[in-house]
Structure formats: structure tokens, C-alpha cells
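Novice: The lines below spell out each chain.
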Amino acid sequence: MNGIYLDNNATTRVDPAVVEAMLPYFTEQFGNPSSMHSFGNKVGLAIKKARMQVQELLGAEYDSEIIFTSCGTESDSTALLSALKAQPERREIITTTVEHPAILTLCTYLEKEGYKVHLLQVDHKGRLDMAEYRQLLSDQVAVVSVMWANNETGTFFPVVEMAELANAVGAMFHTDAVQAVGKVPLNLKDTKIDMLSVSGHKLHAPKGIGVLYLKRGTRFRPMLRGGHQERGRRAGTENSTSIVGLGKAAEMALEAMDYENTEVARLRDKLEAGILAKVPRSFVTGDPDNRLPNTSNIAFEFIEGEAILLLLNKFGIAASSGSACTSGSLEPSHVMRAMGIPYTAAHGTVRFSLSRYSTEAEVDRVIQVVPEIIAQLRKLSPYWDGDGPAAEPEKAFAPVYA
Amino acid sequence: MWDYSDKVKDHFFQPRNAGVLADANGVGDVGSISCGDALRLMLKVEPESDIILDAQFQTFGCGSAIASSSALTEMIKGKTLEEALKVSNQDIADYLDGLPPEKMHCSVMGREALQAAVANYRGEVWSDDHEEGALVCKCFAIDAVLIEDTIRANNLCSVQDVTNYTKAGGGCSSCHEGIEDILARVMVERGETYTPGSAPKQEVSPVGLTNLQRIRKIEAVLESVRPQLKRDGGDIELVDVDGKTIYVNMTGACAGCQMEALTLQGIQQKLMEELKEFIKIVPTKVSSLTRAMKG
Ligand SMILES: Cc1ncc(COP(=O)(O)O)c(C=O)c1O
Ligand code: FES
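From first to last, the protein sequence lines are chains Y and L.
Count along the first sequence starting at 1, add 1115, and that's the number in this note's numbering.
Count along the second sequence starting at 1, add 1341, and that's the number in this note's numbering.
It should be emphasised that the hints constitute simulated quantities derived from the structure, not laboratory data.
C-beta: ideal position from N, C-alpha, C; glycine also.
Hints should not be assumed to be uniformly reliable.
[Claimed, not checked] A few chain L residues that face chain Y, going by a derived Cβ cut-off under 8 Å, partial list only:
1. F1354
2. P1356
3. L1362
4. T1400
5. F1401
6. G1512
7. C1513
8. S1515
[Unchecked claim] Label-pair ranges, simulated between beta-carbon atoms:
9. Y:Y1472 to L:K1617: 51 to 59 Å
10. Y:K1200 to L:S1565: 40 to 48 Å
11. Y:T1474 to L:E1530: 39 to 47 Å
12. L:G1360 to Y:R1249: 32 to 40 Å
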């Protein structure tokens, strides 16, 4: 496949060097790391090395703070459920309206179980109100969970500062850093962040491997109980192959950190500026001055995202959309709704997410194709008339029911 | 990515009859911008004959919404209004070689645009008579509104009930929590609280069918399979109907033979389709007469 892949926030390709590092652990190095023979021992050492590679990427103080899990979602669930179990006297959770479903769906469930969930609102650029946050913090709060960077817009949240505030009232602080790890430098040992989630497949490691960072001294209750793997904090025989892969990917991400924040960011900016210059009635969502270096989320007014994706796909370009139709739901993305993006634009949002494999030629090609596609779909739209929106679009098209 | 048929893709990538129809004399606007779908259907009708001479559309929506609009215009061109109004949403979906369950509402929207445009041509006001809810059960394509209405109409109180009445929840189980949420909400309205463990309603009689109607239907189904059983030297007799359990007596060569279970399963399936409810068929060795005397 020689397509143009700009959907790296959904998942990334496994780096060939990562695959190479993993291969021996499918074949000759197949031992169980817990075993007492040399088959197992070698694997145990490889896992130890991977743990240190991840520790370094996260800037964690100890390698024992790294717990390997099966995915970002498992890390998120483990963190929140552990915080609640370990502090039964605290019955409140603070999180945001724009978290990934891995947090939000869990919180909806916990609410039904009797916990009080506070959802922090965001403004039109997806920014939190720190005064509201301060007000909600109390000795009733068991855990605060705020993502490091939003997966749809790339917008950063001030998690380091928020962790300090949580710490001051004795609440635990968790961050879903699935989108940030590998793209921005982290130094967890200098923060009050107690728990942090990582997902391997967002940084060129395989799918189905994750990490929960657990700061030393943080009270903890395991979600999976059983054997003594991961010091009893996550039972189940290790996914040794993927752990080795994630270690290698972490090492490579650290090496590429500068490139990610200079060259990838430059390409992203070029892509965005190129599209905005050629497509009328389009705008960037989220906070463009404070976001991941690889992400650009653009709203195209008066057309629908799934249709855009299908046409992009025809040109071999892969991206994603916050429209309702792509998910089979009736509402567009909760992130766009939370920012108050009007429906006529929210359904037409497209997220382009680059990686260190993205090239200048690819970006140029997308800048060339997108305006044509948008124009083609607008020709079909009842909200569009010639070169601009139908005069007073809301009135020009008034469906019988709404 | 959706599993769209080639026909859907074709109509999306090369939409037929797209754009404004300048001399339209019937226009129907339907849809909801919040759902991400909106469709304007424009018709040019010949007043003398009521024949649709031309039809064009404009659609804000996803791939299947655009494809459904395109298909609709192709299907109705050249038809009289009466003929065109016979086009159902299922016809639109069939024309496109099917739509994913989450996307069936696109074909419904097409059908509604047609009604709205015809009403507009005739100078009538069309109003939407159905409300569509979020899809709850993907296995059987059942939405929240249908589940809610069914719970309300029949005072249902368990997921099992909902499955018996609507099929929702009878497949992969992933929608059970969603069904429970609806149950909890509706039961509060009638002053009850939902408890997950509660047993299904005792008597499950289908909406709108009396016991007599049910028995007639059951008899009719048995009648339809009887010739085949007779060919194999057997017969079947209806013994009793107790709620959703149907007692039958298998006689002759069928009784006790290896095929009995298999045959019964087939008949049970037929009965369920006919009665539109879950039923269980249980063979007994008593005849209808002796059972009637006992009971
Ligand atoms: C912010 C965020 N959290 C969690 C996840 C889930 O990660 P995983 O797919 O590894 O469970 C994702 C991936 O889509 C994500 O973007
Ligand atoms: S979604 Fe309802 S049973 Fe599968």
C-alpha cells in the first residue's frame, strides 16, 4: 500500500526496527520469563531492558514504576478503579468532558455505581477553566483524571500544574497520556503525577501493549489478580514480544523527539496553512497555539465528514473525522460538541495526524486534493450555493423536522 | 470503515441527478442537521398525468445518505406520484444491494423526502410521523424509541422481556446495559424501580394478538407443515398453549425418531416468525383431549 497515511492518532505503523527487535521473541526466545531455566531467563532480561527504555522515555525515577498492560484502555481502567478501591472514603472523581471514551465510558459506569463524577467543561478552544477545577477539589475527591493531550484536536492540558493542585488536597492524579507519550518530552520524576497511561500502538510499537506508570508510594489495588507478574500489580504471563517492541519504540521515540517537534510540526503547519488558504469557510478546531506537533483538526462547514473521508480514501489519503456517521451514532464527536462547534461544522471536521514518516511530497499532494473534494461535496449540499453558503443557511434549508 | 456495497459506492462516487432542479414544482426538505443528515428532493411533475418527469437532490450527509438520495431519484423518475409513493425505504436499501444497520435511517430519510416533496406538490403539509432514536441493538437493528415504546405499552420489566417482544438483546448481549438504562428510565415513570435480577413477565402475549388469534395462527402454521410430516408417515397435533409454551403431540413415524428434535426446531422457528414473539415448543405424550380433562 502506497497510500498517504495521516491518521497517526488512530494508530501508527510498527517501525521496521521494532519488528526486527521483536522477531526473536516469537521464535527462539519463546520462554516464560517466570521459568527457572535459561529459556525464560533471557526473556526476563529483555523485559527488564524494555522497562528501562520506557522509564527513560517517561522520565520516571524508578523502573519499577512501569507496569506493562494490554493497552491504553486497560491502563486507564486500572488507574481509576485502583484509586477508588484504595480510598473507599473518597467518593468523587474529577475529569473532563473531552476525555477519550476509555475514561468517559468508565466514568458513566462509575456514576451508576454511586460515585460522583465532575466533568470539567472546556471553552471554544478546548481549554479548561482552572478556577472551576480549584473549586471542585476537596477531600472527597479520590482521583482526578485529565488527558495530557486531546486525541481529536491535539490540545494540551496543564496536567503538571493540575497534579500539584490535586496533590495539595490529597487526591490522586492520573493522566491519559496516550497521545502525548513519544511526541512531547516528559519528566515524570519532577511532577506530582501519580499515574499515567501509555499505549504502544500510538508510538510505532504494536497494538495490544500498554503501560501504566505508577509513582512509587502511590496506593494501588490490582485489577487483574493472579500470578506475581509485574510484582503482582498486573497478573498474567507477559506479552514479552510486544514489551520488547515497546521498549525499542520508546528508545526510538526519544531519539526522534527533536525531529517530531521541529520537522513534523513544520509539515503539519504547512498542511494546515495550505488547506485553509484554498478552502473558504474552513477553520482549525482546538487551541492551535498549544497542541501536539503532529495534529491538525480542520472543520469544513456545510458538508459531512464521512463523505470527505470516502473521497480522500479514493485518492489514497487516510484521515479521520468527528462526524456522527463515522461512528454510527446520531451525534457528532463529543469533543466538538463540548467546544460549542456548530453542527454545520462539527459534522465536517477532519483530523490530519502526521508522524515522523510523513513527507513533504505527501503534504503537498493533500493540499492539492482537499480543496477539490470539498468543492465537489459542497456542490451537493443544500446549505451551499455557488461560491458560498446559501444566504442565511439555517433559513434557506428548513427541514420539516429537526 | 463501513462495509458498503459496490452499488452504494457507485452512487456515492458518481451521484445521479445531483444539484438544483430549476423548474421543480414539488420540493421536500427533510433531515436534521444535528444528526448530520439533511436532504432536499426536487421533483418536476407533469400536472396532467402526475408523472415525475425529473427529480434531483441536494444532500448534506454521509456516503450512504448521498447514495440513498441518488438511488431514490433514479427509482422514481418516470413513475406517477402514486407509483412513486409505493417505494419504501427497504426498496431503496435493496436497490443499493443493502445498507449497514446503522445506516438504514438514510433510506428512511429518502422515503420521507419523497413524501414531503409529493405533499408540497399537492399543496399539502407533510409531517413526520415517526421518531427515530439512537440504534441500541445492532444485531437486530432496533432503536431506542421502539424499545421505549414497547416497554411502556406492555409494562415490561426485564431485558428478557424486551428480547421476547422486540428481539433486541437476543444476539451478542452487548446492548444489555443500554436496554437496562431504558428500562430503568421508563419504570421510574410508572413508579417502579428497575432491578437487574427481576424475572420476566409471566404471561407474554404479543402486542395486539388475542389468545384466540394466536391459537389460530399456531394452527395455521401446523397446518402448513402437516403435509410434509404426513409424507413421512407422521402428524402433529396442538395440545395446549400456556403463555409462551406451546405443547404439541407428535404422532406416527415422527414420534421419538431422531428427526423429532430437528423437526420441532424448524416448526418453532416458523411459529416465532409468524407470531413475532419468542415461544417454546414442547412435545407431550398426551393428546389434547386427555390434557383438557386433567386441566
Ligand atoms: C487519548 C486516548 N486514550 C486511550 C486510548 C485507547 O488506547 P488503546 O487503544 O491502547 O486501548 C486512545 C486510543 O485511541 C486514546 O487516543
Ligand atoms: S447488539 Fe443487541 S444483541 Fe447484539
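Novice: With reference to the structure, classify each hint as holding or not holding.
Specialist: Status of each hint after checking the structure:
Annotation: interface hint on L:F1354 holds; nearest CB of chain Y at approximately 7 Å, less than 8 Å. Against a cut-off of 8 Å between C-beta atoms, the interface hint on L:P1356 holds, since the closest Cβ of chain Y lies about 7 Å away. With 8 Å as the threshold, the beta carbon of L:L1362 stays out of range of chain Y, its nearest partner Cβ sitting at about 12 Å, so the hint is violated. With a cut of 8 Å, the hint placing L:T1400 at the interface with chain Y holds, because the nearest CB-to-CB distance is about 6 Å.
Below 8 Å, beta-carbon pairs count as interface contacts, and L:F1401 has one with chain Y at about 5 Å; its hint therefore holds. Proximity of L:G1512 to chain Y is violated relative to the hint, the smallest CB-CB distance being about 16 Å (cut-off 8 Å). The restraint placing L:C1513 at the interface with chain Y is violated, with a minimum CB-CB distance near 15 Å, outside the 8 Å limit. Checking L:S1515 against chain Y by beta carbon gives a least distance of about 13 Å; that is not within 8 Å, so the hint is violated.
In this structure, Y:Y1472 and L:K1617 meet the distance hint of 51 to 59 Å, their C-beta atoms being roughly 55 Å apart. About 59 Å separates the C-beta atoms of Y:K1200 and L:S1565, a value inconsistent with the hinted range of 40 to 48 Å. Restraint check, Y:T1474 to L:E1530: a C-beta distance of roughly 59 Å breaks the suggested window 39 to 47 Å. The hinted range of 32 to 40 Å is not satisfied by L:G1360 and Y:R1249, whose Cβ atoms lie roughly 55 Å apart.
Going through the hint list in order, the structure does not satisfy hints 3, 6, 7, 8, 10, 11, 12.
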